[in-house]
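Visitor: Going down the list, the sequences are from chains A and B.
Quick note on numbering: the numbering used here labels position 225 of the first sequence as 225, and the sequence is numbered without any gaps.
Quick note on numbering: the numbering used here labels position 225 of the second sequence as 225, and the sequence is numbered without any gaps.
Just so you know, the hints here were simulated from the structure itself, not pulled from any lab data.
No farther apart than 30 Å at their CA atoms in a straight line, the calculated lysine-lysine pairs in the DSBU-like style are these: (1) B:Lys442 with A:Lys147; (2) B:Lys98 with B:Lys489; (3) A:Lys8 with B:Lys587; (4) B:Lys556 with A:Lys147; (5) B:Lys489 with A:Lys6; (6) B:Lys442 with A:Lys29; (7) B:Lys306 with B:Lys242; (8) B:Lys442 with A:Lys162; (9) A:Lys8 with B:Lys14; (10) A:Lys8 with B:Lys81; (11) A:Lys162 with B:Lys556; (12) A:Lys6 with B:Lys81; (13) B:Lys98 with B:Lys148; (14) B:Lys556 with A:Lys6; (15) A:Lys277 with B:Lys556; (16) B:Lys442 with A:Lys161; (17) B:Lys306 with B:Lys322; (18) A:Lys71 with B:Lys442; (19) A:Lys6 with B:Lys14; (20) B:Lys461 with A:Lys8; (21) B:Lys98 with B:Lys461; (22) A:Lys6 with B:Lys587; (23) B:Lys14 with B:Lys442; (24) A:Lys8 with B:Lys442; (25) B:Lys98 with B:Lys587; (26) B:Lys283 with B:Lys403; (27) B:Lys81 with A:Lys29; (28) B:Lys489 with A:Lys8; (29) A:Lys6 with B:Lys461; (30) B:Lys489 with A:Lys29; (31) A:Lys161 with B:Lys556; (32) A:Lys6 with B:Lys442.
Here are a few chain A residues that face chain B, going by a calculated C-beta distance under 7 Å: (33) Leu4; (34) Lys6; (35) Gly36; (36) Ser41; (37) Ala44; (38) Val219; (39) Tyr231.
Keep in mind the model is a prediction, meaning the values are calculated, not measured.
Ideal placement from N, C-alpha and C gives every residue a C-beta, glycine not left out.
Spelled out, the chains give:
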Amino acid sequence: MTYLPKPKLHHPSLACNALGYTRRDYEGKISTLCAGCGHDSISAAIVRACWELAIEPHRVAKLSGIGCSSKTPDYFLGPSHGFNTVHGRMPSVLTGANLANRDLLYLGVSGDGDSASIGIGQFVHAIRRGVCMVYIVENNGVYGLTKGQFSATADIGSVSKKGVVNTDAPIDLVGLALQLGATYVARGFSGDKEQLVPLIKGAIAHRGAAIIDVISPCVAFNNHAGSTKSYDYVREHNDAINRLDFITPRAEITVDYAPGELIEVEQHDGSSLRLRKLDTAYDPSDRVAAMTYVHERQAAGEIVTGLLYVDPEAQDLHTHLKTVATPLNSLDAAALCPGAAVLDKINAALR
Amino acid sequence: MQPTDIRNPAYFHKVVDCQWACPAHTPVPEYIRLIAAGRYSDAYMVNWQANVFPGILGRTCDRPCEPACRRSRVEESTGNKPEPVAICRLKRVAADLKDDVQARLPKPAARWNGKRVACVGAGPSSLTVARDLAPLGYRVTVFEADAKPGGFMRTQVPRFRLPEEVIDEETGYILGLGVEFVAGRRIDSLKTLLAEKFDAIFIGCGAPRGRDLELPGRQEAAAQIHVGIDWLASVYFGHISKVGKRVIVLGGGNTAMDCCRSAKRLGGDAVTVIVRSGFDEMKASPWEKEDAMHEGIPILDCRVPKAFLHENGRLVGMTFEKVRVEHGADGRRKLVPTGEPDERHDCDEVLIAVGQENAFPWIERDIGITFDPKWDMPVVDQTTMQSSLPHVLFGGDAAFGPKNIIWAVAHGHEAALSIELLLGGADTRERPLPAVEVMSQKMGIHEWSYDNNISPDLRYKVPWADPAKTLKSMSLEVELGFDAETAWKEAQRCLNCDVQTVFSDHLCIECDACVDICPMDCITFTVNAEEGELRMQLTAPALNTEQALYVSDPVKTGRVMVKDEDVCLHCGLCAERCPTGAWDMQKYLIEMSHAGDAKPDAKQEAA
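The following block holds chain B by itself, in its conformation from the complex (with noise of 0.2 Å):
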């Protein structure tokens, strides 16, 4: 193997499995480490730079982060359920437990740049638009249908998950950054809106319907069936307040796991979810599932809906077919009927919460808009956000269909970074590069910058309310979140997978001392060879090849240092081994270009 370039910054920061697999690339170790010194407000500011709403997404983020965590899979060995540090509900303590962080926010431009953008709609990917920009000098109208900004935020995910005042907190951040924000305006018309002459133009306005299912009897039940997303809005607004007391929810993503939670609390008796494919297959955070059924709701699987029975123009029950799952010779998922009779559920309501699709009937197809003819949809750049208008830009659900506000933040980074190139007359696709910084870490022979004892402790447990309470409202929250101290706790099982093991392949005696200490076996010195054939000769096989071999230049014998980056604690043992400092302990922060840091002299600049 050629030895590993770890001046590319790709490198080290795929070695943060947390920040790499965060869209948003938020520095995850770093505001764990201060979480731990108790340093909330800090922790709460680093985040608040990378995702924008730490406070919102430290209690609903999707944390691609979590499974990504290395520490499930060092945990492997221990022989109990491996688990992942809890990044999410840290992230809530930070914006919990910190003080008043106003005074740290941006300030308002002082002066004008000259340059308006308008934002479609007031959601995460939107807002964050507004959040980069308008310090920068740019003056951002925000339009939104609603009288609150937040979108899907506000009015679909509910209030037992999220208080309504960490929205309007996080929300009102941004629009005191000098945002023009527009209630109770629809834009109906894009050709209008472009009319209106804005130097470009941001279409964050989310996947605003929810999928109907067209089965025997929708039309004739139709006031006992809401659509999903329709109806938690409604809950929302407080057009509606009570539910019958048997509730079908059909779907397995995380809305029909907020219907069946939102039904239970309204007087929903007996709610059941009930889904087409296996329970593992389920679209829904395993979390969420397991939030739902700890709530007394069964999810039923494997059973496809076939009709909405009704008498006399009232819903009374749904019939299923029953199927298994079968993964065909392509390796794609059958759903194949089993043959039992179908199943008979009673019920007085049903939500559908099947999927939600991009509308976009207020964009003239006349006005250079490209769209996809298959889907429908706005052609999108992945990495600009840009339409075929080139000031036209998309983000968060409206770019490439639903997924998740952390997506959406990611989305409007991009896209705010792509308006000020291209308003600032610069090619979007030259995309400027992240900012790093490495830094020893070493104090002494064995002292370290950072805490490189590594906890036994399992995960802990977020404390939740009185079931018997939080049933009956929907307005408390059912998390707690983490005190102080657990907090701690939970901070230390962070391995610190920032804080890098750097080789330096000429300091090297080969002494065996750090190949010796190592407890997870990740270093060999080995003759090299060809990628597959040298993961296999390690003292412990690289098997997992989604993790990298860091491999050095030839030592003096010739033979070349590999390590083999999956299972590392980045305990530093190696570095506080080695007699010639040839391993050091480098905390390498990696900062994600936003607007504003479209700087000629970015650094590119590793160890």
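One chain only, chain A, in its complex shape (with noise of 0.2 Å):
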């Protein structure tokens, strides 16, 4: 935690991305996590991603709700649009936003209590409607901003750091979204942002429901032994299934794989997903597979992480409710209104 705003000089071989802005220009202000904050990782992992994909940062809306995860968004992306919501709303208000302006990239970001305790409404049914959105759920088990108190996300069995044991059952937040169909999910931790970059490119070309529930340790409250979100215990029971190389449509592939080891899937707007294979059974486009493998490590104390599914056909909201293809601030009063000649039509066909 400082006081004081990164200096704005950089290493003067810092490269532009193909919009001529650095690494640099992507970031926010500075963070007042607490130093060492697994947020802080992955703020820096969206700064990476979007830098990378050289996206416009005037063309993403941020969004989030309360808590230590919800204030993130102030430290990325300084030139995007930003909306912090009432406690849990996020996903409404991104699904309202969404679907007036659909051209903006809709980043949510969100923690465990905002997801999975005081938003858990809002979060199932933003995924179930199929939103197009970046979802980012922070996860490290902890009410931080309470100082340390179980969130729906604690494990059987967890040890607080004043030494109360969690009888609570967890909430999975993968296993959930698994479960109400979204296109892309994927487990990544906060300490390894060389697997979480490629999982937010991938997440951002995905034309569907996105999550990416990311450990992310708190280190002020749980980061003890006893923890089973500290960097010690995900960093041990990490079982890393993929990698993904995102690989854009120009991108050429000049590395060699055996057969079996590689599978690449080809999304909607043209990009590839390359995956390394780390677990050679596993298969990403199997639903049904992924939640029970999910499931089956998780029983044995494992952390499954990487992409676990994602389907390359996905639909939108969009798609579903056959909405206009421009953006509702595009379109001028007379097709926003179209008159009362229209209207009795529509009712007429209602009758």
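Could you use the hints to bring the two separately framed chains together as a complex?
Guide: What follows is the structure in structure tokens.
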């Protein structure tokens, strides 16, 4: 935690992306989270992903709820649109914004409290509806802002900093997302950006509901022995099933892999996801198998990370509702309000 | 790569680029912080310990520290002209704004230790030897041909760059330590001096002979052709007070710059510097070239002097062959004639400033001092400054040819230390280790005992006196020096490179906080590799191989922390962000051993 803004000076070799921006241009204000917070690493991963994809910052809307995690949109993508909603209500606001202007990239950032407790009703319905968004849960298993009570994602048997053992069953956000029809489901770890950045890039390119559950240790209240969301515990129990190399449409593939080691998933926009398998039996296109696998490993005390499931043929809410292709803010008054005659026609059709 | 041994005093010393580059290893960031705090006398004393002549050097130093300054590397990204901290001119601020420091100087030794040391010449190297030894009880005698001490600093450096009272003050501090100053005695026989049975003799007589140019017409027009350093001395002594209207200065070093600027003030309306090499290869410091050009003196490069033209025994001009600079296959610079017709420049007087030479006609060749047959120079040990007669030592320009004041001071320190070791019966090759002090600067979560807020300011210019006045006066100082307010702002540009980033691998939890916050992408956690490979696999490739990589022991995941020291701002954000204190900012103060420090318990203790 620091009060000083990061100096504007940067490394002489710092590169520019296709838009002419450096990575530093994607940063936000200086973080006021605790020193060593996993959330700051996730912010840095978002910055890197957006820079590498040359995302135009003004085409991104960052939405969040309440909590440590929900403060973070202030710390990345300073020039983007932002909306801090009421606690747990980010998914609804995001859904509404998305319906009004389908051209923006919607980045929902939330925590385990915001998404798995107060906002779980919102969380599940945004997924069910297939809202096109990147939904990142910064999951640390505790309520950090209120000094470390267990959250709804804390594992049974996990010990709090004060020594209390958790007896409540955890909500598995990845399991929920798979079950509710999310079309891009991943789990990452804030301490492994090499894995996390491509997962975020893949999610940004995905045209459907993309959920990334990121284990993000709370250094102040949940990084001790007995915690199942500490840096040490996650590193020891991390079962990474694959490594994602996000490939943009024009990128050339230069590395050779033995058959069976590599899966390529072509997405709607022409970009492709290249997965290097770490577990050769794992098939990320099989939703049911993914659910089974994640549950099995979880029962064995392992934390499965990587791209767990992806449906390259994903459809989103706009497709389901057959909405107009043009964002509402680009339609003129005549199109938005076609007049009494059209209304009569619609009403007649419903009789 | 092997983990970096930060217990080796040289490792962090090298990170303090300015101090490492300074021949006398002046603790630059330390005194700049004192200046920023308004503690000018303290800043002056830090300088005085290391470089003996802060006021003189603050105006005339060759500033090897400034090209080394990290600030000029980190500013590369701003799109402006990257410039180092104005270290030299801040040194002058300490000298200009200090209070009376007389009470803080060492006192003359209470008791004579029975040893007598002679210094030949009263230039910076001899005076440094005297300063280091006199307070320890040595009886030091300085022999000087002129009436006043200072040597080249007094007689060749013009007064509009270095006022006489500054020389008087700083040489006075030394003579006030109980040093015997024998003015007006030129040593013309070393054999005779040896017979006076001094315990040690230090020769710091400079490189007193200016190189001449034997070209057609040199003899015939001799009255209007002068050797630069002799001419400057004549100006100082008042033998010369005016010069012809049109003056050509030959040569591209700092002496040439002093010559042309002096000539401009003595009646030279049209003064031109003409140099053989290309402009960029000139030996003069860039700022001295700028100063000359600022005073309306053109510098013509790539012209090789061919002849002095004369009519009726009077110089009327010179001819030059035009050349271009080419680099041969061996990388050596060659001047290739362009084939254009020779160029004629009319003039009334010529000053030759094409270099200096050592001359030791007064050292007999049969008294045991070995001379290098090729250069006819005494063989001097680079470390101990001793000649083949162990108690005869050399320093300054007399040792290895013309350099500058700060090198002379460095030589003086080493020679004084050698004399102390030698006369104490110790091995002069066993140099005592520097004293190193390492101290955490942490005072609170966001509190450091140094100012870690990086100033975005560009280098401040030193104000100049009105050229209408300065160009008419030989004694009016051109540069006015920073005022206290500007000095503070310039001091804020210093990155405090002596406040080191110290990493403790056993405390690290690999949360990446330091990697994410580092504005310069200096820090990477990666698998270890050989240096060449490692340099390329960092977040930002470490292409400046002059700068070290700081490599830790393996952390928990088996990776290592690698920090590229090159463009670190020493802002301490890594340490502020670190949840476990694995990073700490520690001030690393290294003081080189001088005579009097030759204690057996010299520390070699780092982090």
